[in-house]
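Top to bottom, those sequences are chains A and B. Everything in the first sequence is counted per my numbering, starting at 1 for the first residue and increasing by one. Everything in the second sequence is counted per my numbering, starting at 1001 for the first residue and increasing by one.
The set of hints was computed from the structure by calculation and includes no laboratory data. Since this is a predicted model, take the numbers as computed values, not measurements. Incorrect hints may have been included.
When the alpha-carbon atoms are kept at most 30 Å apart in a straight line, the in silico DSS-like pairs for lysine-lysine are as follows [unchecked claim]:
| id | chain 1 | residue 1 | chain 2 | residue 2 |
| --- | --- | --- | --- | --- |
| 1 | B | K1100 | B | K1191 |
| 2 | A | K381 | B | K1191 |
| 3 | B | K1275 | A | K381 |
| 4 | A | K569 | B | K1191 |
| 5 | A | K571 | B | K1237 |
| 6 | B | K1191 | A | K571 |
| 7 | A | K381 | B | K1084 |
| 8 | A | K206 | B | K1334 |
| 9 | A | K180 | A | K117 |
Pairwise CB distance ranges, derived in the manner of DEER restraints [as the list claims (entries may be wrong)]:
| id | chain 1 | residue 1 | chain 2 | residue 2 | range |
| --- | --- | --- | --- | --- | --- |
| 10 | A | R452 | B | R1138 | 36 to 42 Å |
| 11 | B | N1172 | A | P143 | 54 to 60 Å |
| 12 | A | A195 | B | A1090 | 55 to 61 Å |
| 13 | A | R372 | B | L1312 | 58 to 64 Å |
| 14 | B | S1186 | A | R286 | 20 to 26 Å |
| 15 | A | A409 | B | F1323 | 28 to 34 Å |
Glycine included, every Cβ here is placed at the ideal spot set by N, Cα and C.
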Amino acid sequence: MKISLSFQQVGSGTNGKQTGIPPARELLQNRYTHAAKAMAGLLLLCTLLLLQQVAAAQDSATIYTTQVLSPSHDSVRTQAIGRLAALRIPATFPLLMAINDKKLYLLDHKAVTIDAKPTGEGTYRLYTLYPDNKLLTNSSGQPLLLPLSALQTVDIPRGDRLQLADIAPLLNLFSNDAQKRILAYSQLKNTGDTATLRILQAALAKESNADALRTGKDVLYAARLYSAGNATNAKAYIDSIGDNWSDNAPVLLRNYAKNNAFDKEVASYAAAKAVSLEKRYDQLQRVQNFFSGLSLGSILILIALGLSIVYGLAGIINMAHGEFLMIGAYTTYCTQLLFTNVLGIPQTDLFFLAALPISFVVAGAMGLVLERLVIRHLYAKPLESLLATWGVSLILIQTARLLFGDLTAVKTPQLLSGGWQVSPHLTLPYNRIFIIVLTLLMVLFTYLMLYRSRLGLQIRAVTQNRQMSACLGIETRRVAAITFFIGSGLAGLAGCAITLIGNVVPDMGQTYIVDSFLVVVTGGVGKLAGTIFSGLGIGFFTKISESFFQAVYGKVFILVFIMLFMQYKPKGLFPDKGRIAED
Amino acid sequence: MRTKTNPLYYILFIAFFAILLPAGYLSGFLSVNTISVWGRYFCFAIAALGIDLIWGYTGILSMCQAFFFCLGSYGIAMHLLLKKTVAAGAVLPDFMAWNKIETLPFFWQPFHSFGWSLVLCLLIPALFAFVVGFVLFRSRIKGVYMAIITQALTLAMWLIFLRNETNLGGTNGLTDFNTILGYNLSSSSVKLGLYMISFAVLCAAYFACYYITHSKFGKVLQAIRDSESRISYAAYKVVDYKLAVFVVAALLAAVGGMLYLPQTGIITPGRMDVKASVEMVMWVALGGRGNLKGAVLGALLVNFLYSICTSLFPDSWLFILGFLFVITVLYFDKGFMGLVESIRQRLANTRFKTPQTTL
Chain A
1 MKISLSFQQV GSGTNGKQTG IPPARELLQN RYTHAAKAMA GLLLLCTLLL
51 LQQVAAAQDS ATIYTTQVLS PSHDSVRTQA IGRLAALRIP ATFPLLMAIN
101 DKKLYLLDHK AVTIDAKPTG EGTYRLYTLY PDNKLLTNSS GQPLLLPLSA
151 LQTVDIPRGD RLQLADIAPL LNLFSNDAQK RILAYSQLKN TGDTATLRIL
201 QAALAKESNA DALRTGKDVL YAARLYSAGN ATNAKAYIDS IGDNWSDNAP
251 VLLRNYAKNN AFDKEVASYA AAKAVSLEKR YDQLQRVQNF FSGLSLGSIL
301 ILIALGLSIV YGLAGIINMA HGEFLMIGAY TTYCTQLLFT NVLGIPQTDL
351 FFLAALPISF VVAGAMGLVL ERLVIRHLYA KPLESLLATW GVSLILIQTA
401 RLLFGDLTAV KTPQLLSGGW QVSPHLTLPY NRIFIIVLTL LMVLFTYLML
451 YRSRLGLQIR AVTQNRQMSA CLGIETRRVA AITFFIGSGL AGLAGCAITL
501 IGNVVPDMGQ TYIVDSFLVV VTGGVGKLAG TIFSGLGIGF FTKISESFFQ
551 AVYGKVFILV FIMLFMQYKP KGLFPDKGRI AED
Chain B
1001 MRTKTNPLYY ILFIAFFAIL LPAGYLSGFL SVNTISVWGR YFCFAIAALG
1051 IDLIWGYTGI LSMCQAFFFC LGSYGIAMHL LLKKTVAAGA VLPDFMAWNK
1101 IETLPFFWQP FHSFGWSLVL CLLIPALFAF VVGFVLFRSR IKGVYMAIIT
1151 QALTLAMWLI FLRNETNLGG TNGLTDFNTI LGYNLSSSSV KLGLYMISFA
1201 VLCAAYFACY YITHSKFGKV LQAIRDSESR ISYAAYKVVD YKLAVFVVAA
1251 LLAAVGGMLY LPQTGIITPG RMDVKASVEM VMWVALGGRG NLKGAVLGAL
1301 LVNFLYSICT SLFPDSWLFI LGFLFVITVL YFDKGFMGLV ESIRQRLANT
1351 RFKTPQTTL
């Protein structure tokens, strides 16, 4: 590898000022000023010379860049690329990156590169390469989108590109793709090479992605920390690492404290920092658990609402209720197929919006069919209905397996992918937020239906006393059928929501059915408030006990808890007041 | 019992399974596998008798019989595995060595001795049933609530047995045994012996249950089924009766499990998942609940059907089972025995039928 004279001098200059490193917060300022300040005490003349050399390096970069783009001869380009690779001037890295990735194009005689992936219409966003690396915009400030055909491809021969092999890991720091940059940053871990750090700093100065910035800063601070010359600086870097708080930070600090600490005090400082970071992380983890408990509870509520109302109203234990969840999920899957394959609406979130009502109606309709064929013969015979509907659930599962195979997945709508990043270590996924909101709406809907509508009045009347309601002219069978429709529909809706967080498999209903029955039992049959409370309670309890024990023991724990709870409240959380003889 | 049972049916039943099948095997018509398979069905039938006692006669739908069945199986399996390990000169069974466990867990220790294993196989399920039953019956949990809670219990236990840390073999269960009390499990004479023992135990269990249901105790059980409040007003301690029958049912399931293990040579948590526990109840429902003959026949028939259907058309077994569930519950409330009964009443004149063994 060729190393030019100017580079060596800049390198020695930075080596010379090692002791004078400022705290990390200011590190991203122009390093040349720092270099010059450090040198000033030693040799003013040398500083002037150095600045001259830097300017010269920039000039030569411009010259070489021009030579790469419009070479007078192939050999000139080869030489220019070689020089640029050896010079390692950060400003030229985007260009070199584009060469290495074979994504160098010309637009109006200016070098540009493109995004890794095209947009929906097959066009690309464009970035300038030298002297600055920016997203190209059109006159109205929107990103400029062009198809490949509008660009002039610049072919760089393989031999020329091979000259970049040595600096390839560094090039990725300037990639358009944030994931690649994160990877590149993390690959620089444990590097102590000042020249590399210089480039890292340059890359960080123009970093726009928060995750990448955090990873990069972590690497940089760690390197600075290991080469820190005194305790104050070391502590400052430890603070910086703590403030930056990457995933790796506690491990890094702990390793530092164990092996390379400057002195005992710094070591204990680093260790304490690591502990406090972990503690804060645990707290956030708890918030995260609370949140997933909330979303699990929401799903349980959605399923248990239907179960509870139907059981209270008609004395039916519907073991096939979980299968309506499965039907809802498969309806969502079919809607997706319909939208993408048959109607040809690609890449939109529309299908999910449509799937919500469709899955409600389809699952509800299946519920009606089941009610007509099986359930209506079993009113007020809970144990018999339990066995018969178990048989139905076997049939439904096997049908789904024959129709769809064992595993299918619904694509999460783009609107709901990602999450709300409350802090670096606490992300609340949008899909779970969506499920919670959906549950809220459905609970509201159920409440209005039960307590603010004529149908609700009838449902409550039949739940209380079937014969009496019939005497007063309520068509109890029709009310039961409508209730069954709504209950199954709610399960279908839950199934549609579950596609956001899991796969669609034929026996997906079975995983939730026992839990949701526990919700019904704990909440009390036919009680809206009881269902909500016990659903949330069981959801939270599951997630919280999962963080203490393992998932399995959490489940056992909940069961024991419910059994003890039933000692006090055998009729659930909100039992009916009054005395009703049983037989 | 509503009708007097003709002793001829018992004799036919016993003659068929105790003489005809073994004779068929000895004369070479039947393979030893067929014998062994029927031996397993007998074990299921023993457990089904327990379910009939608690569900058919007492009206408590317990969904954790499959778990008690597995407790019995696991106990014997632990004993057999330890015997094999010791014979091979090792200290720990293979799967524990793979899981990097250094010493034998304390609850494995007593299973070195066959006698202790037998005692524990019965004691643990009985104790478990006692504690669970006490807690549940005391707070007057019954009907659907009982079914759901016992089901959840089975689910929780299934999850625990699936884990590797519990040192019970995890998902793979316990398998690969070679001898029981020094006899080689793979030899056909041992298989025939186990078949005969299972059949003898089934007959004994049947007559014990017959005795129970026809005693005063059994009458109280049926009274609890028909009207729990009234029998408690009549100063019977319902909780005690329920608890007793729950423990008896658990014991029967465990005995079935103990005999089941040496004949299959493997026990996995899959035997006690939600599906298995509902299926066990379904044997009784299909055969005819509240009828001991029905329970035995239901277990034998469903399992026989299962082995036929899964080999002939594997995809449709769940359909068949599902339809059987639905149709039985909807139309044949009394199960297969009830069907036979009603047919017999219609054809009151024709007496020569052998309903037990034909379908």
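For this session: For the pair supplied as a hint, K1275(B) and K381(A), confirm whether the alpha-carbon distance does not exceed 30 Å.
Result: holds, 21 Å
Problem set entry | Status of the given 36 to 42 Å range, CB of R1138(B) versus CB of R452(A) | At roughly 40 Å between Cβ atoms, R1138(B) and R452(A) fall inside 36 to 42 Å, so the hint holds.
Exercise. Are the Cα atoms of K1191(B) and K571(A) separated by 30 Å or less?
Worked result: violated, 50 Å
Exercise. Falls inside 54 to 60 Å, the C-beta gap from N1172(B) to P143(A)?
Worked result: holds, 56 Å
Exercise. Regarding the pair K381(A) and K1191(B), is the alpha-carbon distance no greater than 30 Å?
Worked result: The given pair, whose Cα atoms are some 44 Å apart, is violated under the 30 Å limit.
Problem set entry | 30 Å Cα cutoff - pair K180(A), K117(A) | holds, 13 Å
For this session: Go ahead and decide if the range 58 to 64 Å is satisfied by the Cβ distance of R372(A) to L1312(B).
Result: Given a distance of about 32 Å, which is not inside 58 to 64 Å, the answer is violated.
Exercise. Does the structure keep K571(A) and K1237(B) at a Cα separation of 30 Å or less?
Worked result: holds, 21 Å
For this session: Quickly compare the C-alpha distance for K569(A) and K1191(B) to 30 Å and report which way the hint goes.
Result: Status violated; Cα separation ~51 Å.
For this session: Indicate whether the distance between the beta carbons of A409(A) and F1323(B) respects the range 28 to 34 Å.
Result: With Cβ atoms ~31 Å apart, the hint holds.
For this session: Using the Cβ atoms, figure out if S1186(B) sits within 20 to 26 Å of R286(A).
Result: violated, 55 Å
Exercise. Is the straight-line distance between the alpha-carbon of K381(A) and that of K1084(B) 30 Å or less?
Worked result: violated, 50 Å
Comparing the model with each earlier hint shows violations of hints 1, 2, 4, 6, 7, 8, 13, 14; every other hint is respected.
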